[in-house]
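Trainee: These protein sequence lines map, in sequence, to chains A, B and C.
Numbered per the working numbering, the first sequence finishes at 144, counting up by one with no gaps.
Numbered per the working numbering, the second sequence finishes at 144, counting up by one with no gaps.
Numbered per the working numbering, the third sequence finishes at 144, counting up by one with no gaps.
In short, the hints are calculated from the structure, not lab data.
Since the structure is predicted, the reported quantities are computational estimates derived from the model, not experimental observations.
Fair warning: there could be bad hints in the mix.
[Said to hold, decoys possible] Among chain A residues calculated to face chain B with C-beta under 8 Å, some are:
1) Val23
2) Leu26
3) Ala28
4) Thr43
5) Pro62
6) Asp67
7) Gly73
8) Pro77
9) Leu106
10) Asp112
11) Met116
12) Gly143
[To be verified] Estimated spans, in silico, between C-beta atoms of each pair:
13) Arg32/A <-> Asp29/B: 40 to 46 Å
14) Leu87/A <-> Asp29/B: 17 to 23 Å
15) Glu144/C <-> Glu35/A: 21 to 27 Å
16) Thr119/B <-> Leu87/C: 15 to 21 Å
17) Asn31/B <-> Arg32/C: 30 to 36 Å
We put the CB at the ideal spot given by N, CA and C, even for glycine.
Listed below, chain by chain, are the residues.
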Amino acid sequence: MIDTRHLTYETQGDGQVIDLTADLNRELEDSDVSGGTVTIFVTGTTVGITIMEYEPGLVEDMKTLMGRVAPRDASYRHDILNNDDNGHSHTRALLIGPSLVVPVADGSPMLGTWQRVVLVDFDSHPRSRNVILQIMGE
Amino acid sequence: MIDTRHLTYETQGDGQVIDLTADLNRELEDSDVSGGTVTIFVTGTTVGITIMEYEPGLVEDMKTLMGRVAPRDASYRHDILNNDDNGHSHTRALLIGPSLVVPVADGSPMLGTWQRVVLVDFDSHPRSRNVILQIMGE
Amino acid sequence: MIDTRHLTYETQGDGQVIDLTADLNRELEDSDVSGGTVTIFVTGTTVGITIMEYEPGLVEDMKTLMGRVAPRDASYRHDILNNDDNGHSHTRALLIGPSLVVPVADGSPMLGTWQRVVLVDFDSHPRSRNVILQIMGE
Chain A
7 MIDTRHLTYE TQGDGQVIDL TADLNRELED SDVSGGTVTI FVTGTTVGIT
57 IMEYEPGLVE DMKTLMGRVA PRDASYRHDI LNNDDNGHSH TRALLIGPSL
107 VVPVADGSPM LGTWQRVVLV DFDSHPRSRN VILQIMGE
Chain B
7 MIDTRHLTYE TQGDGQVIDL TADLNRELED SDVSGGTVTI FVTGTTVGIT
57 IMEYEPGLVE DMKTLMGRVA PRDASYRHDI LNNDDNGHSH TRALLIGPSL
107 VVPVADGSPM LGTWQRVVLV DFDSHPRSRN VILQIMGE
Chain C
7 MIDTRHLTYE TQGDGQVIDL TADLNRELED SDVSGGTVTI FVTGTTVGIT
57 IMEYEPGLVE DMKTLMGRVA PRDASYRHDI LNNDDNGHSH TRALLIGPSL
107 VVPVADGSPM LGTWQRVVLV DFDSHPRSRN VILQIMGE
């Protein structure tokens, strides 16, 4: 059985983290699939989906990490060749990735106590983001 | 067909790598699902699941990489706000992620010659880790 | 329903990016599975599968990122212990990973406008790479 759901988020970019666990829980509860997997997939190239403990300190620490490995003020060939300003956003998104698979049981994601499914938007400006939930199982 | 298996590992933290391929092979062999996918998922936020060639040199090289991008002695907002000591562990875990999907055929993971499925525990102290194997297919 | 497909690529290594989206589209179109997921999996330990906007600037920017976090001329225990020269390749591949799951609808991957599925080969010399497409659904 396959059940496809769509979620939309308005983001501020610049490393903003959005906790979508409540939306994920609600869509899974509403679905006829009770066991299997859910693929959480975002359709952009400057944004990622991952799991973290969601608290303000770690949101800042992720920005610091990304500033260290892909500084905003470094020179990016993407920006030069395309007259753009978000080379750092693309580069940072590569380290997180747009796809995450979580096992599902009894209509709920099998997350640990502190695990939250989050969207991280690295773009240089506000964006509207589409997230696909592909729920598969029985 | 869905088959859920649970594995538990006692880890030392600090970048310890545990090769769980033999356990994965055994659970898949034991399962009635012979073809499809297996999602390997760990339920913590300072630990990751990935694939690597498992040899002592690369275990050290991963620690060096992580020390470079998320130094243990840097200042972490997570530690300050929560009076904690594992901000670097959370940050490092973000770069690996807790979920991995491997194709399955004839009751075995379709791994390359040198590929091993590993758990990497980045926490600052020993932990007990729960790994879920969600086997799906026919 | 499960449909397994195999793709082979001859690569140059050293961070070469190969866009395999056209091959993915063709295999999905040819498959009897019209909705579900496709797992894209590469069977090496110095290579990754991810999604990016595929343009020459970002290919260079990814090389720069990887050179910053895992320099080619750093000392790697892998190289010392195994008399090898691709410790940086293994280390870089850890940050991308060998597995990616993309939702499928109407026989096509549900990719965003700029998203391309790519193989990135970090090895120090040319390689032949095997990619498995595990298509599951109905």
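Trainee: Okay, which hints does this one fail, numbers in order?
Mentor: 1, 2, 3, 7, 8, 10, 13 and 14
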